[in-house]
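Colleague: Letter by letter, the chains look like this.
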Amino acid sequence: MIVYLVRRLGQSLIAVVAMAVLVFLGVYAIGNPVDVLINPEANQAEVAAVTQRLGLDKPLWEQFVIFIGNLLQGDLGNSFVYGRPAVEIILERLPATMELAFVALVLAVVIGVPLGVLAGLKPDSIGGRSIMAGSILGFSLPNFWQGMLLILVFAVMLGWLPAGGRGQTVEVLGMRLSLFTWDGLQHLILPALNLALFKMSLVIRLARANTREVALQDYVKFARAKGLSARRVVTVHVLKNIMIPVVTILGLELGSMVAFAVVTETVFAWPGMGKLLIDSINLLDRPLIVAYLMLTVLIIVTINFVVDILYSFLDPRVRLSEVKG
Amino acid sequence: MTDRSVASSLEPVITTKPLEVESPFRRIARAFVEDRLAVLGLVLFLVIALAAILAPWITPQNPYDLAQLDIMDGGLPPGETSFATGGTYWLGTDQQGRDMLSAIVYGLRISLLVASVSLGLAITIGVAAGVAAAYFGGRLDALIMRVVDLQLSFPAILIALILLALLGRGIDKVILALVIVQWAYYARTVRSSAIVERNKDYIEAARCLGFSHRRIMFRHLLPNCVPPLIVVATVQIAQAIALEATLSFLGVGVPITEPSLGLLIANGYDYLLSGRYWVSLYPGIALVVTIIAINLVGDRLRDVLNPRLQK
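Chains A and B are the protein sequences, given in the same order. Be aware that the first sequence starts at 1, since it is given in the numbering used here, and climbs by one per residue. Be aware that the second sequence starts at 326, since it is given in the numbering used here, and climbs by one per residue.
No lab work stands behind these hints, which were simulated from the structure alone. One thing to keep in mind: the hints can contain errors.
Here are some chain B residues the structure puts well away from chain A; computed CB gaps all over 10 Å [as the list claims (entries may be wrong)]:
hint	residue
1	D360
2	L365
3	A490
4	Y527
5	H545
6	A570
7	T571
8	S605
9	L606
10	N620
11	D628
DEER-style ranges, computed between Cβ atoms [claimed, not checked]:
hint	chain 1	residue 1	chain 2	residue 2	range
12	A	M1	B	L375	26 to 36 Å
13	A	I68	B	Y527	27 to 37 Å
14	A	V153	B	L477	29 to 39 Å
15	B	P381	A	D183	14 to 24 Å
16	B	L375	A	G74	52 to 62 Å
17	B	L375	A	L158	51 to 61 Å
These stretches of chain A come out as covered by chain B in the derived footprint (C-beta under 8 Å, 3 or more residues) [as the list claims (entries may be wrong)]:
hint	segment
18	84-94
19	226-232
20	245-251
21	280-292
Note that the Cβ used here is the ideal one computed from N, Cα and C, for glycine as well.
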């Protein structure tokens with residue numbers, strides 16, 4: 001176990017370092033770092049002073065060491081727009097994105113699993129076929145387009161729900177959340193559903209495929225033969241056994257949800273990290289861009305690491321084959 | 326007796342018994358057309374592609390020639406008549422009086438151009454890396470596959486966002502980002518099928534004949550890895566179109582002067598809430614129809630090319 005843990009941790013570190021190198025090269029080597037790191041409105045003397053202070057006259061490898069050093073201390077410079085540390089601003093927006101991703105994940109499971117089981121139990125019925133067709137659409141249509149249709153139907157045509165923004169928030173455990181006010185909840189439904197649709201399609205397919213397999217197993221046949229109600233067979237015997245792959249895949253997909261939140265947040269004007277990234281790109285607020293990218297990479301690598309470790313506890317074959325290979 | 330007379334005496338034997346084996350291409354084509362939905366997808370895609378290629382000759386106006394736009398025609402709903410020319414705007418106009426139908430066809434042109442160029446480059450790089458990894462094995466294999474694993478552990482959209490946030494917007498930059506995002510899929514696909522083929526007798530035979538590595542890799546190994554590659558490519562081109570549209574919608578993709586479908590949708594998005602839905606909706610429908618058409622073709626190809634499902 002220790003061998004696997006160390007090995008997996010090493011891989012995660014390599015992933016973070018590789019991404020840091022990519023971001024570093026992008027900022028320092030491809031673009032002109034003076035343009036990138038210094039306010040474009042600065043005059044010549046200021047530019048020269050800041051160039052020296054930031055160490056931009058030093059060789060590239062030395063700058064990289066400094067960049068990594070600052071990174072480890074969580075210092076990624078001040079935002080041009082806000083004039084405050086970039087990391088601080090990102091962290092302020094983090095709860096909004098996490099709330100959105102979390103609610104979307106719950107929706108994906110709560111709606112996706114029952115639909116997938118239904119489609120798996122009756123694969124050739126009209127219901128089963130239309131669920132599958134829906135999931136194919138959910139997969140292949142671009143996320144932002146689905147979001148726009150949601151706005152068009154529920155906000156513009158029906159007028160049931162607000163089209164954007166976050167609504168009223170309350171402070172829970174030091175984070176401002178929309179989930180616990182009626183107004184906030186109304187604002188949350190559409191964006192969360194939008195973010196959930198893609199994963200929901202994935203869950204439907206997984207649940208359907210697994211249900212079809214599990215439904216043929218002897219223990220399900222036995223449960224039926226024993227005279228248990230169809231409802232009990234499905235909720236206890238089938239559902240329990242299809243949840244393992246569903247949970248695993250969803251864990252791995254949580255990271256991509258944080259990344260895809262960029263799209264949903266832009267469509268619904270949800271004030272999370274993703275919207276901040278797009279705003280920063282438009283305003284050329286480079287320290288914020290770098291901070292967002294590094295933080296998101298860190299989040300995704302951490303999620304992947306935790307899920308892999310948990311999975312290796314559940315299924316020892318994984319870590320054994322990994323140690324050998 | 327000369328060699329030539331021997332050859333000519335053998336000739337009739339060969340010509341009188343033509344081989345009754347259908348070429349793989351024809352077999353696949355025949356199996357493909359059995360599915361009507363897939364044929365519909367293919368026809369739709371061909372029509373869309375043709376329209377995109379012929380855009381300057383078939384659209385009612387050049388939507389980016391300012392001389393052809395009339396501000397009087399701004400914001401007309403679908404089916405209205407033009408004040409300037411008397412023509413009909415079947416899909417309405419945007420704020421500047423631009424015919425949406427023309428704008429959509431021009432947008433398709435850019436969307437498909439970006440997707441197909443990046444597809445070609447990504448396949449080339451991915452195939453070369455995948456075949457080399459499988460054929461040579463060892464350290465090269467480990468190195469290439471580590472890079473692939475590393476890249477695939479991050480969502481494609483995040484990698485594309487990193488690149489475009491640092492490089493700025495532009496058609497060439499979007500293509501670069503799509504290539505970097507996609508090559509890993511091809512590398513992995515080709516490697517996994519090439520590793521199976523590598524140990525077969527015909528490769529051994531080619532080695533014994535003293536062929537160069539390059540010749541064995543690309544003339545012998547690669548052709549046998551093509552079917553899964555085609556399936557992945559159809560999935561990936563739909564993904565590429567969707568990803569490009571997403572990036573352009575977010576404002577980090579193609580520049581404003583060369584709007585793809587994604588950017589058209591983004592431009593019309595502001596009017597969506599005020600009821601001018603057509604500026605945004607119809608480019609979206611064009612995008613969605615294109616993606617669905619490609620997916621229909623891809624699904625059928627996957628069934629047809631899968632040897633396990635063949636009769």
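Colleague: For every hint, state whether the structure bears it out.
Modeller: Here is what the structure says about each hint:
The beta carbon of D360(B) is kept farther than 10 Å from every beta carbon of chain A, the shortest such distance being approximately 15 Å. Residue-level check passed: L365(B) sits 15 Å from the nearest beta carbon of chain A, beyond 10 Å. For A490(B), the shortest C-beta to C-beta distance to chain A comes to about 5 Å, within the 10 Å cut-off, and the non-interface label is violated. Residue-level check passed: Y527(B) sits 29 Å from the nearest beta carbon of chain A, beyond 10 Å.
Non-interface status of H545(B) relative to chain A is upheld: no Cβ of that chain comes within 10 Å, the nearest being about 28 Å off. Non-interface status of A570(B) relative to chain A is broken: a Cβ of that chain comes within 10 Å, the nearest being about 5 Å off. Its beta-carbon lying about 5 Å from the closest one in chain A, T571(B) breaks the requirement of being farther than 10 Å from that chain. The beta carbon of S605(B) sits about 7 Å from the closest Cβ of chain A, which is not more than 10 Å, so the claim that it is off the interface is violated.
The beta carbon of L606(B) is not kept farther than 10 Å from every beta carbon of chain A, the shortest such distance being approximately 7 Å. For N620(B), the condition that its CB be more than 10 Å from all CB atoms of chain A is violated, with the nearest at approximately 5 Å. Taking the minimum C-beta to C-beta distance to chain A, about 14 Å, the non-interface status of D628(B) holds against the 10 Å cut. In this structure the supplied range 26 to 36 Å is violated for M1(A) paired with L375(B), their Cβ-Cβ distance being about 59 Å.
Separation of I68(A) from Y527(B) is about 50 Å and departs from the stated range, judged on CB atoms against 27 to 37 Å. Separated by about 35 Å at the C-beta atoms, V153(A) and L477(B) satisfy the suggested range of 29 to 39 Å. At about 51 Å, the CB distance of P381(B) to D183(A) disagrees with the hint of 14 to 24 Å. Our hint of 52 to 62 Å for L375(B) and G74(A) holds, since their Cβ atoms are close to 54 Å apart.
Between L375(B) and L158(A) the CB atoms are about 38 Å apart, so this pair departs from the stated range of 51 to 61 Å. Proximity of the segment 84-94 of chain A to chain B, defined as three or more residues with a beta carbon under 8 Å from a beta carbon of that chain, is not established by the 0 residues found. Evaluation of the coverage hint for the segment 226-232 of chain A: breached, as 0 residues show C-beta separations to chain B shorter than 8 Å, against a requirement of three. Only residues whose beta carbon comes within less than 8 Å of a beta carbon in chain B count, and the segment 245-251 of chain A has 0; fewer than three means the coverage is violated.
With 3 residues having a beta carbon nearer than 8 Å to a beta carbon of chain B, the segment 280-292 of chain A meets the requirement of three or more and the stated coverage holds.
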